[in-house]
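Enquirer: Residue strings, one per chain:
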Amino acid sequence: MDEKPLGKKPKAAGAKRIALLGILFALAMVLSIVEGFIPVPVPVPGVRLGLANIVVMFALLQLGRRDALGLTLLKAGFVAVTRGAMAGALSLAGGSLAFCVMALVLALAKDKTSYLLLSVSGAVFHNIGQILMASLILGTFLWPYFPVLLLSGIATGFATSVLLKLTAPALQRLHLK
Amino acid sequence: MKFARKRDILIIAAVAVAGLLLWAVLRGAFAQPGVYAEIYYQSKLVETVALETGAEESFSIEELPKVVFHRYADGSIAFLESDCPDKVCIHAGRLRQVGQMAACLPNEVYMKIVGAIADPDAPDLVIG
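For the protein sequence lines, the chains are X and D, in the order given. In this text, residue positions in the first sequence follow this note's numbering: the first is 1, and each later residue adds one. In this text, residue positions in the second sequence follow this note's numbering: the first is 1, and each later residue adds one.
Some hints here could point you the wrong way.
As the list claims (entries may be wrong) - Under 8 Å between C-beta atoms, here's a sample of chain X residues computed to sit facing chain D: (1) Gly84; (2) Met86; (3) Gly88; (4) Leu136; (5) Leu142; (6) Ser161; (7) Leu163.
What the hints assert, rightly or not - Distance condition first, Cα-Cα at most 20 Å in a straight line; then the derived SDA-like pairs of lysine to any residue: (8) Lys87/D <-> Lys165/X; (9) Lys110/X <-> Ala31/D; (10) Lys87/D <-> Val148/X; (11) Lys112/X <-> Ala14/D; (12) Lys6/D <-> Ala155/X; (13) Lys165/X <-> Arg5/D; (14) Lys6/D <-> Ala159/X; (15) Lys87/D <-> Ala80/X; (16) Lys112/D <-> Met101/D; (17) Lys87/D <-> Leu142/X; (18) Lys44/D <-> Ile38/X; (19) Lys6/D <-> Leu106/X.
Said to hold, decoys possible - To be clear about the criterion: a stretch of chain X counts as covered by chain D if any three or more of its residues have a C-beta under 8 Å from a C-beta of chain D, and this derived list gives those stretches: (20) 102-116; (21) 144-156.
It is worth saying that the hints were derived from the structure and are not from the lab. Keep in mind it's a predicted model, so treat the numbers as computed, not measured. Virtual Cβ for every residue (Gly too), placed ideally from N, Cα, C.
Take the sequences, apply the hints, and build the full model.
Expert: Written out as structure tokens, the structure reads:
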């Protein structure tokens, strides 16, 4: 993040790291629940604001791929437990694809990219992953939804990038160092 | 990391434009009123509903008595009721054009609007 340069710092000691990850996971869960109350006016199943993506992005930027992936999987598990296996499968598919793409973007262009592109690619590919999984479940390729996914992904990606920029200082203070 | 870079904004704008074009093409090119609605349950076609009859009717498929469809007099069709938690299928609204779809994932059912049913025995393509 802009405030502190991202270097390779030694990972926080075991207990601190688990505590930090626990807090981030709790944050992701709360965001996941809260965003369920905000209707997104898009006629596509399962499209949400993706606020929990803020947590995954923060983890990718500040902690590393393994922790970010862990948070993604935990979030999918949480969705599965609270909203059912179907929703969990969609979250897993969307989250995993979004994680892969965001990790790839950072691996290729970390110094040349921005919160905005990272966030939008995460959001768009989260939507794409979900629709692919829904297509798999129903047995038919749901291609008519793609334009809507692109556009809503751009919009929600923009929103979450703004939120990430705003909350980064607070999240960094969590580092418990 | 910066919030936004000019190159990224351009990339995103290009994708947005592509998305809008795609959407317009899909709406425009396929904007024919549907002739039938095909209802699929667990990936198998279970019901074909004629849309142009001008008769209003609510019905269910026998596999899912709790999911109610409604065909309107103007030739559109919609999910009317469902026992799923999210009701995304109902929010999809009334379908009318060829290619439009609505799905209820928890119930493993979806419907799509098609034009005249192709004759399955006729060749798919004739060359020459």
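Enquirer: For each hint, tell me whether it holds in the structure or not.
Expert: Hints, one by one, checked against the model:
The interface hint given for Gly84/X is met, as the beta carbon of that residue sits about 7 Å from the closest beta carbon of chain D, less than 8 Å. Checking Met86/X against chain D: minimum C-beta separation of about 5 Å stays under 8 Å; hint holds. Hint on Gly88/X is violated. Least Cβ distance to chain D is approximately 12 Å, over the 8 Å limit. Interface hint at Leu136/X: violated, since its Cβ lies 11 Å from the closest Cβ of chain D, which is beyond the 8 Å cut-off.
With 8 Å as the threshold, the beta carbon of Leu142/X comes within range of chain D, its nearest partner Cβ sitting at about 7 Å, so the hint holds. The closest approach between the C-beta of Ser161/X and any C-beta of chain D is roughly 7 Å, which is under the 8 Å cut-off, so the hint is satisfied. At its closest, the beta carbon of Leu163/X sits 11 Å from a beta carbon of chain D; the interface hint therefore is violated under the 8 Å criterion. Annotation: proposed proximity of Lys87/D to Lys165/X is violated, straight-line Cα distance about 34 Å (limit 20 Å).
Restraint check: the Cα-Cα separation between Lys110/X and Ala31/D comes to about 43 Å, which exceeds 20 Å; the hinted pair is violated. Annotation: proposed proximity of Lys87/D to Val148/X holds, straight-line Cα distance about 19 Å (limit 20 Å). For the given pair, Lys112/X sits about 18 Å from Ala14/D by alpha-carbon distance, which is consistent with the 20 Å threshold. At roughly 17 Å between alpha-carbon atoms, Lys6/D and Ala155/X fall within 20 Å of each other, so this suggested pair holds.
Among the hinted pairs, Lys165/X with Arg5/D is consistent with the structure: their alpha-carbon atoms are about 14 Å apart, no more than 20 Å. Only pairs whose Cα atoms come within 20 Å are accepted, and Lys6/D paired with Ala159/X is accepted, the gap being roughly 18 Å. With a CA separation close to 18 Å, the supplied pair Lys87/D and Ala80/X stays within the 20 Å bound. Simply put, Lys112/D and Met101/D have alpha-carbon atoms about 4 Å apart, close enough for the 20 Å limit, and the pair holds.
Restraint check for Lys87/D and Leu142/X: satisfied, since their Cα atoms lie roughly 18 Å apart, inside the 20 Å limit. Distance hint between Lys44/D and Ile38/X is unfulfilled; the C-alpha atoms sit about 35 Å from each other, more than 20 Å. For the hint pairing Lys6/D with Leu106/X, the CA-to-CA distance comes to about 17 Å; that is within 20 Å, so the pair holds. Against chain D, the region 102-116 of chain X contributes 6 residues with a C-beta closer than 8 Å to a partner C-beta. That satisfies the three-residue criterion, and the hint holds.
Interface restraint, the region 144-156 of chain X with chain D: holds (7 residues with C-beta to C-beta distance below 8 Å; minimum three).
In summary, the structure is inconsistent with hints 3, 4, 7, 8, 9, 18 from the numbered list given earlier, while agreeing with the others.
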